[in-house]
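The task is simple: from the sequences and hints, build the whole structure.
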Amino acid sequence: MKQQPLLKRRIVVTAICAVVLICLIYFTARDRDRLSVAERAGREIFSPIARGASKISREISSWVRYLASIGETKAENERLRSELDALRHENLQMEEAVRENQRLRILLGFADALKGDTVVARVSYRDPGNWLDSVVINKGSDHGIASGCAVVTDRGVVGRTTSVTRNTATVVLAIDSRSAVGGIDARSRDLVLVEGLGDGSGLLHVCPLGAENDLEPGDVIITSGLGGVYPRGYVIGDIISVEPGKYGVSKSAFARPRVDFDRLDEVLVLAEPIEGALGEMRE
Amino acid sequence: MRRLKNLSVAFGVFAALLLQSAVFPVLCPRWAVPDLVFCFSAVVSIIAGTGPGVAVALLGGLCQDALTGTFIGASAGANMAVAAMIGLVEPQLFKENLVTPAVIVGAGTVIREVIYLFVIWSFGAGIDWVRAFGVVIPWITVLNCCTGALLHRWMYLLPRERERSRSARSV
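First to last, the protein sequences are chains W and C. Here the numbering used here is used: the first residue of the first sequence is 1, the next is one more, and so on. Here the numbering used here is used: the first residue of the second sequence is 1, the next is one more, and so on.
These are calculated hints, taken from the structure and not from any lab test. Owing to the predicted nature of the structure, the values given are computational and were not obtained by experimental measurement. Incorrect hints may appear among the rest.
[Said to hold, decoys possible] Example chain W residues on the side facing chain C (calculated, C-beta under 7 Å, incomplete): (1) 53; (2) 54; (3) 57; (4) 61; (5) 127; (6) 134; (7) 241; (8) 245.
[What the hints assert, rightly or not] Sample of chain C residues at the chain W side, in silico, Cβ under 10 Å: (9) 17; (10) 23; (11) 33; (12) 72; (13) 122; (14) 123; (15) 163; (16) 167.
[What the hints assert, rightly or not] Now the stretches of chain W that chain C is said to cover, found in silico as 3 or more residues with beta-carbon under 8 Å: (17) 40-51; (18) 161-171; (19) 198-210.
Even for Gly, the Cβ is constructed at its ideal location relative to N, Cα and C.
As structure tokens, then:
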């Protein structure tokens with residue numbers, strides 16, 4: 001007899017928990033500009049500690065890799081010496097090309113594509129689970145970062161910021177299934193939409209926007225600047241395979257990003273990226 | 001004494017989150033990461049039953065979700081469901097060896113991941129189901145089995161051994 005009220009209470013508690021959790025998931029499933037006070041405080045405390053732990057791990061990892069590669073170092077040294085000679089020669093040619101480029105820029109009155117502020121940030125920690133591709137960086141609203149800012153490295157597009165606290169910001173990586181970047185094929189000039197596969201392969205799905213397109217393996221996809229997040233001209237990735245669409249009418253492709261998302265450490269946040277992209281469009 | 005226990009649980013959850021988010025991904029990039037928070041709550045359920053297990057699952061899961069601010073409650077819900085299931089069979093479990101926690105945590109991991117994936121998929125996340133069931137879940141299950149067995153030894157078997165040897169010495 002006593003067990004029935006206990007069972008009833010358990011059922012009620014379980015039901016309440018389920019409803020509360022479903023509501024929480026529903027409200028946090030989309031990108032959020034504002035985080036709750038508890039979340040902000042938790043992240044502000046956790047981020048520097050995680051950054052410290054990550055730094056120590058990186059040191060350990062590099063030492064282990066160094067010790068493992070000592071045997072190969074000698075052969076590599078000789079190879080690098082010969083490579084250095086070739087690169088010196090190449091460098092001279094490049095310097096000449098840079099000088100020529102500068103002259104041409106002045107001639108054309110070409111302004112820098114990036115007019116806005118940029119912020120250098122470091123990755124504090126990654127999503128603790130195995131299913132979402134996002135990282136948290138150690139700069140936030142105090143440094144001029146807002147939700148929806150583009151994040152890049154010298155190799156190309158990294159992702160965009162979503163929830164931001166004073167000293168942290170979540171970056172949804174370009175390889176995440178929630179990410180979509182407007183791109184353009186640098187060779188054929190076809191407009192494409194680049195989506196993260198989010199399957200752990202680290203690849204991107206390239207969907208052409210027009211019915212007729214000319215995508216080929218080896219083509220470089222760069223940002224189109226039309227989405228309003230990324231300025232034009234940043235490398236998204238290289239096409240590695242092209243497949244016919246469902247009915248053979250259109251084509252879609254897969255691209256490998258140039259950014260190494262597994263070893264991401266320093267990134268550049270474009271705090272005011274839209275000026276560069278949309279300004280260019282309006283002109 | 002109780003406050004000390006609560007503190008040690010909170011520290012355990014914090015350490016698990018730190019290892020999961022900042023240490024393992026750097027030391028072993030491209031690898032699946034063991035879900036330490038889930039293992040911790042599952043082992044607490046095996047040792048102490050439904051109540052404490054579900055409480056640790058709720059605390060750990062919410063912290064885990066809050067770190068990146070998306071799908072808050074998904075990990076907590078999945079962890080809590082499995083902790084509650086383990087708590088239901090806890091009185092029948094033989095806890096004196098390492099096979100029991102390894103099997104329970106392994107089976108629990110599969111259920112947990114299925115619940116979690118279904119929930120985030122329902123709310124719009126893209127999931128590659130073939131890769132999830134063919135690669136990631138088996139890997140996480142193996143890693144979690146080992147972690148669960150180690151945690152069980154550390155949290156249950158070792159203290160009991162110490163207690164036994166202490167009482168034998170006093171006799």
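Taking the hints in turn, this is what the structure says about them:
Using the Cβ-Cβ criterion of 7 Å, the hint placing residue 53(W) at the interface with chain C is satisfied: the shortest such distance is roughly 4 Å. Using the Cβ-Cβ criterion of 7 Å, the hint placing residue 54(W) at the interface with chain C is satisfied: the shortest such distance is roughly 4 Å. The beta carbon of residue 57(W) is positioned within 7 Å of a beta carbon in chain C (closest approach about 4 Å), and the interface hint is therefore held. Of the supplied interface hints, the one on residue 61(W) holds, with its beta-carbon coming within about 5 Å of a beta-carbon of chain C, less than 7 Å.
For the restraint placing residue 127(W) at the interface with chain C, the shortest Cβ-Cβ distance is roughly 5 Å, inside the 7 Å limit, so the hint holds. A hinted interface residue such as residue 134(W) counts as satisfied when its beta carbon comes closer than 7 Å to some beta carbon of chain C; here the least separation is about 5 Å, so the hint holds. The closest approach between the C-beta of residue 241(W) and any C-beta of chain C is roughly 17 Å, which is over the 7 Å cut-off, so the hint fails. Contact between residue 245(W) and chain C, as hinted, is not supported at the beta carbon level, the nearest pair being about 19 Å apart and thus beyond 7 Å.
Among the interface hints, the one on residue 17(C) holds; its C-beta lies about 6 Å from the nearest C-beta in chain W, closer than the 10 Å criterion. For the restraint placing residue 23(C) at the interface with chain W, the shortest Cβ-Cβ distance is roughly 5 Å, inside the 10 Å limit, so the hint holds. Interface restraint check: residue 33(C) against chain W, minimum CB-CB distance 6 Å, threshold 10 Å, status holds. With its C-beta approaching chain W no nearer than about 4 Å, residue 72(C) sits inside the 10 Å limit, and its interface hint holds.
Taking 10 Å as the C-beta cut-off, the interface hint given for residue 122(C) holds, the closest approach to chain W being about 9 Å. Proximity of residue 123(C) to chain W holds as hinted, the smallest CB-CB distance being about 4 Å (cut-off 10 Å). Taking 10 Å as the C-beta cut-off, the interface hint given for residue 163(C) is violated, the closest approach to chain W being about 32 Å. Against a cut-off of 10 Å between C-beta atoms, the interface hint on residue 167(C) is violated, since the closest Cβ of chain W lies about 36 Å away.
Residue count for the segment 40-51 of chain W with a Cβ under 8 Å from a Cβ of chain C: 6. That meets the three needed, and the coverage hint holds. Against chain C, the segment 161-171 of chain W contributes 3 residues with a C-beta closer than 8 Å to a partner C-beta. That satisfies the three-residue criterion, and the hint holds. Counting residues of the segment 198-210 of chain W whose beta carbon lies closer than 8 Å to any beta carbon of chain C gives 4, which reaches the threshold of three, so the coverage claim holds.
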